[in-house]
Structure formats: C-alpha cells, structure tokens
Amino acid sequence: MTMKNNMVMVGEGVGFERIRRITGYLVGTLDRFNNAKRAEVADRVKHGLSDQMERL
Amino acid sequence: MIQQIVKRDGRVVPFELDKITEAIYKAAQALGGQDRSMAEKLATDVVAYLEQKGNEIPSVEQIQDAVEHTLIENGHARTAKEFILYRSTRTRVREMNTKLMKIYEDLTFREAHENDVKRENANIDGDTAMGTMLKYGSEGAKQFDEMFILKPEHSKAHREGDIHIHDLDFYTLTTTCCQIDLTRLFEDGFSTGHGFLREPNSIQSYSALACIAIQANQNDQHGGQSVPAFDFDMARGVAKSYRTLYRANMIKALDLEGVENAEKLVRDAAEKIEAENGGLWPAMDAQNGYTELEFALLAPAAGEEAVKKAQAFARRYADREIDRHTYQAMEALVHNLNTMHSRAGAQIPFSSLNYGTDTSPEGRLVIRNLLLATEAGLGNGETAIFPIHIFKVKEGVNFNPGDPNYDLFKLACKVSAERLFPNFSFIDAPFNLKYYKPGHPETEATYMGCRTRVVGNVYDPSREIVNGRGNLSFTSINLPRLAIKANHNIDFFFEQLDQQLNLVIDQLNHRFKIQCGKKVKNFPFLMGQGIWIDSEHLGPEDTIGEVLKHGTLTAGFIGLAECLTALIGKHHGESQAAQNLGLEIIGCMRKRMDDESAKTGLNYTLIATPAEGLSGRFVRLDRQRYGSIPGVTDREYYTNSFHIPVWFPISAYEKLRLEAPYHALTNAGHISYIELDGDPVKNLDAFESVVRFMKEVGIGYGSINHPLDRDPVCGYTGIIDDVCPRCGRHEGEAIELEKLQKLGLYRHLNAQTLGCCGNPEEEADRVVNPVE
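Respectively, the protein sequence lines represent chains A and B. Residues in the first sequence are numbered from 1 upward in steps of one, following the numbering used here. Residues in the second sequence are numbered from 57 upward in steps of one, following the numbering used here.
Next up, chain A with everything else stripped away, as it sits in the complex (with noise of 0.2 Å):
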C-alpha cells in the first residue's frame, strides 16, 4: 500500500496473472514458461466454431 494525494493506494506494480496451458497441464503464469513454450503461446491462434457437425 501506498500514499498519494492523501488516498491510500494499492496495487503499484502489480500484474496481471495469465494463466495459461502448457501441455495439458496448467502451470500458474507466463512467467514460469520456458523460451519455447512462450515463443508458442504467443503464436496460438484462436479455434472458430462456425462449422457445423453436419461435416462428420
């Protein structure tokens, strides 16, 4: 906690946890990867689900 203007503040320099799927598992943060596995993430592109399941 901090002061200013007579406000008490909170939260300088606190993050926000993303919290991500390594491998199957969880793993807490981004933080905690490793190069690879960050280099991976940051290239994860998102799934759509439009097409029907009439194409089984």
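Just so you know, the hints here were simulated from the structure itself, not pulled from any lab data. Remember, it's a predicted structure, so these values are computed and weren't measured experimentally. No residue lacks a Cβ here, since even glycine has one placed at the ideal position from N, Cα and C. A couple of the hints might just be wrong.
Have a look at the derived ranges for each label pair, beta carbon to beta carbon [to be verified]:
# : chain 1 : residue 1 : chain 2 : residue 2 : range
1 : B       : H786      : A       : S50       : 46 to 56 Å
2 : B       : H397      : A       : K46       : 31 to 41 Å
3 : A       : D43       : B       : S631      : 19 to 29 Å
4 : B       : N543      : A       : D43       : 25 to 35 Å
5 : A       : S50       : B       : V737      : 13 to 23 Å
6 : A       : K46       : B       : D562      : 38 to 48 Å
Pairs of lysine-lysine, BS3-like flavour, derived with a Cα cap of 27 Å [as the list claims (entries may be wrong)]:
# : chain 1 : residue 1 : chain 2 : residue 2
7 : A       : K46       : B       : K137
8 : B       : K137      : B       : K63
9 : B       : K738      : A       : K46
Start from chain A and add chain B according to the hints.
Positioned in the frame of chain A, the structure of chain B alone reads:
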C-alpha cells in the same frame, strides 16, 4: 630443435620428450604392450616429424596429430587407435566439465527470467534454494549419465538431437509414473515410512490420506501421480462419514426426546443390523432398508413416536452435514495438492484425478463437491493449478440427458469453462472402449494430466487394467530432422525412421535393464506399500524386474507438422495428402512398437510426447545445423506431437477431426486441445458442443483452452485485455483503496486478503444447491 610448446590455455612452456613417450607407452600398455624403449624410439620419431614439418613451437593438438601419424606410419595401428580414443575421451571430459560448470554458474548467478534452464520445467520455481538445488543435482546427473551410463551410440544420438531421452537425470534411479488405487491402499491402513496410518474413517481423513499417498508416491518416481477412479475411492469415505453423522444425530434426537440410554440403544441396534444384514449401514440411499430395521429394534424401548421423529431428524441433518463435510474435504484436498511443496525441488506433486463414472449417491456427492470446490478456487479465488482433473465421459453413464450422472457432466463443463479443469477423457473412444467392463472401474481407461495412458497389457492380457501401473520411461524421436535429412525422398525417410526406432527400442531396453536391477527397498512407498501391481508379493531385497513388466516402454515424437512440411511442403492441417502421409508415418511407428511387443511379450507403446523442455531443444539444434527452413525450423519451437500448428487458422471441429485418428495410434497417450475465443462461461452450450464433438470423432483425451486471467488486486478472474473489467486498473497501476471498498472488497482493511472470496461468514451460509 623443438624446445617449447603451446598449451591449450595459451601458455608457452618448455618441451618435454618424456611426456610424448609416456602417452605412447600408456596407449601400448592398454593393449598389453610393455616395450618402453619402443615408445622412446617412437617419441623421437614424432619430434623428427614435427621438425621436418617446420613446426617450431607446436601446439598440444599438433603434437597429438603427429603422434597418431607416427604410430600409423610405423605399423602401430592398434596403438594409434587406442591413443585416438583416449584423446577423444579426454576432450569430451574436458568439454563436459566446462559445460557443467558453466551450467552451474548460470544456475547460481542468473535469475529464472534470464535463464531458460531454470524455466525448463514450469512447475519448478527456479529462483528458490530447493529449486536450484534440484537443478544442480539434475544437471550433474545428466552429464554423468551421458558420459558413463548411456551406451555411446545412445548418448551421441541424444546429444546431437536425433532422439531425446526424457528424464535422463533419473536414468539410474526410478520409473516415470503410477496410477494409484486408493481403495486398496487404504484397506487396513498403510505407512509412508514413519509411522502407520490407520484405515481412514471419514471423508475428511480419506481426502487427507489421498494427498499423503500422492505425495509419498511422488517421492519414489519422477513423473506424475494419478488416481484413476477418485470418485469410487472417496465414496467409501462418504459412506463412513454418513453412518457416523446419522448415528450421532439419532442419539442426540432420542436423547432430546427423553429416551434413556439413547447412545447404547442406537449403537446396539446398529451393531445388530450390521451383523445380521451383511454389513448394512445407514446410507445416503434412504431406501436401503436400514430405517425400517432400526425402527423395529428401537420402537419397543423408545416408543414409536420418538423413534419416528428422531429418524426424520437424523436423516435430515445427516443429509445436510454430509454435503458440507464432503465439500470441505474436497476443498482441503484442492488446497493441499496446490500448495504442499513436498516434491524434490520445492515442487508440488504432479497430481491428476480421474472421476465421473461412479453413479452411487456417495460417488456423485464427491464429484459434485470436487467440482464446486474447483469452481470456488483457492483462498483468494485463484485458479488451482493442481490437481489436474479429468472427467471421464461415458455414454449411458454421464453423457446424455437421462444418464445418471448427466447433471455432473454439465457441471463439469461449467467448471471447466471457468477454471480450465476438468479436462475430458472419453471411454467410448474405440481404443478405450475395448477394455471397458461395466461395474469395473479398473477397466476404465484413464489419463495422467500430461496425457500418459496405460491400460492395455501385452505382458498379462488377463489384467488389462489401470490400477497400479504406469510408464517406465520414454524417448522421443526428432521427426523434423529425419524429414530434413531425407530431402523429399519419402522412402529414405521411412528407412531412417525404421533405424531410429530400432535405436530407441535398444535404448529403452538398456534403461529397462537398469530399472529391473533395482530393489523394493529403493521404492519404499511405490513398491514397499504395494502401490505398484504385484509388488505386495515382494520383499525389500527382491529385485523388481518381473513386476515392472506391467509397465510401458515408450517411444515418442514431436513435430509431425514440421516433418510433413519438410517432406512435401505442407502440413496436415492444410493438405489431405499431408494428413495421409502423417497417418502413415505415425502408423508405421505404432506398428513397430506393436511388433516389438508381440516379439518380446512386453508393453512397447507409442506416445504423442508432452514435450515441455523438448519443444525448443530440437528446433534449436536443427536450425544450427540446417539453417532456417520456412515452416520447419523458422520458429522457436516444434509443434507438439501430431497437433495442427497452433498458428494455423482452422476451426475447432476441423482440428479435432484431423487429430482424432492419431489418438487411436498413440496408445501410450495423446491429447487434443483447441483455443476458444472469448469467455466460454457466457456460452456454455458452445463449450459443451465442443466436448460432445470430441466424443463423436473418437478423441481419447481433450481439453479446451481459453484465456484465464486474474487481477490479484481486486480478485477478478476471467478475461482481461488491457483493463480489468472489475476495478478498471491497468497492469502495474495503483488504485485507490476507497474505490475497491466501494466494490465490496477489502472490507477487513487487510491488503493481504481481499475478502471478495473465501469469506468465512459467507461460507457458513452455504446450503445444498440442486444442479438443474
């Protein structure tokens, strides 16, 4: 006249003829020679050769070259060979020492965010003392194993990146993982080495001992620990607790009704009913006959009215309390498995829980409360990283409306959409279904969180079960490299692949031999307490080879997508021809493993390697060797196993459809995941439809990824882009405490706890909520 030489470190020192004589003599001695004068003569020849070449101040390397030349010229070829081998070993030892010390230096002085080695395994906090100590041990063991334990051809292949021997640091020590049967373990109690733990008698004890069992077993192996039928295992604890709660409430109620000796009456009746009715207890199923029998025994002494009222009271309160107790037990379990750094290197045990198919009231209560506890998260609402949850989907049990556990499947989807767990496994996938026998949970194929699967059993086909079995070791093949080397020649690729598989099988056997030589006493819990199948028949000094044969010896692979691109220019996400070739390649690998199993009677299997540390290693080596090849070595990682590349735009359904056939081929384990956009909580139907599609196309194990972010300051969990939706903070920004208090947070003025989750007052008010 040579008078000086240059040492490796650059120093110029006086030349000593004796040193050359000594080196030659030692090489000759290794072959049984004893002629020192010959060595002296050869030494002078070496000098003459050097002088003749005009080398006034030769280097050590140049002198050694001259020695080799002279020996060969003089017909001492074998001595020359000995000398050459010695020289090459000395070089490697020197390099190893330097390399190991450099690694230790980096571990010691650089922080994890700068040091990739420290982040090789995301579960180890490389910045802590124990985390670093584990890395010291691990890196030292790896070097030692590479130099002195591995066969030279395996060591070379591993070092150069043709193959990757996983968990090389544990090569001489243990096996990978185990699927633990808790029911069997708890029966009659167990020991972890210091003191005996009695058979647990309440759901809280069952939950606590489950954590202890996982942690104890984790200390005997380097891989994951899973519980294949967690709901079945814990159900017994619920039943025991219910009986205790019912009885206690009965006694209180009768006492309040003024019945004398209520306790003795109730206990005697319970004993009698149990003895005369095959162990009948009061249970969650109120129709099991206990109530009527108890009424008959108590009414004469206590009066019909009193007994009737007491039974209604006892039932009502037992029903309420068992739910609460079970929830608390599951909450404690999730907290424990997420926080106890009891594994070497200050890691949490790598735990996985499989559940979903127990349809008894007790089993259902366990599943429901485990899911709810997972949904609630940890003390500040954080998402629990462990245990990994795997919901076992099975048609007729939990998949369709009308199935007994369908409500739990829906709850599982909801919780997964919020917390990324559970993952989903599919017993109906044909390769899983073939082992399944209804009413026999040990035949339900399960997965480790990472994806390892052990159910088939070539060694003992009468026991194709999951309990007490696991993987022994695995080694992965660098498919992209084989493809690059093949230079578009498919036949040549398959030839090389075949040879590589032979090498890997040879290496798996080599490691297996070492593992078989270990004794029960090397595994005090895994073997000493009979966790591993059949180990209960062995004594402490017995070797474990025979029982290990139930485990799997596994080959793996990485980068099928890059391999296909290297071979034919496209990966299997973008070309049917590539998909066909991909299936042929993986099919060929699987056939080789099957053939080896048939030949030897052991369990050789093929895995879609999880690849955390490995994902960067192979591509780094390949880029060094072959340069940056577009679509192959131009990224920092190889695509995981048979996955469509993460960067390739493709629909969820198409990705699953293409990957499913590979699940059938990789009998040692596989997983498919898809990345969902947005917050799936807002569209649970879509989420569920993806899971349903997985089942329809024959996926064995799958999970759905979506962004899961959390602002530690206000506790918001969900999707955060740049600004937190709850408090409006940017990353790193400070916010007025007053603002947070207006949102209902920090009520207790404690900056450490937020008060938005885990509020003790709120928890006490929880009631049973039906799941619609």
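Hint check:
1. H786(B) with S50(A): 46 to 56 Å: Given a distance of about 33 Å, which is not inside 46 to 56 Å, the answer is violated.
2. H397(B) with K46(A): 31 to 41 Å: holds, 35 Å
3. D43(A) with S631(B): 19 to 29 Å: holds, 20 Å
4. N543(B) with D43(A): 25 to 35 Å: holds, 27 Å
5. S50(A) with V737(B): 13 to 23 Å: For V737(B) against S50(A), whose Cβ atoms are near 20 Å apart, the range 13 to 23 Å holds.
6. K46(A) with D562(B): 38 to 48 Å: Distance hint for K46(A), D562(B) holds at roughly 43 Å.
7. K46(A) with K137(B): Between K46(A) and K137(B) the Cα gap is close to 58 Å, so the pair fails against 27 Å, i.e. violated.
8. K137(B) with K63(B): holds, 23 Å
9. K738(B) with K46(A): holds, 17 Å
Checked against the numbered hints above, the structure breaks hints 1 and 7 and satisfies the rest.
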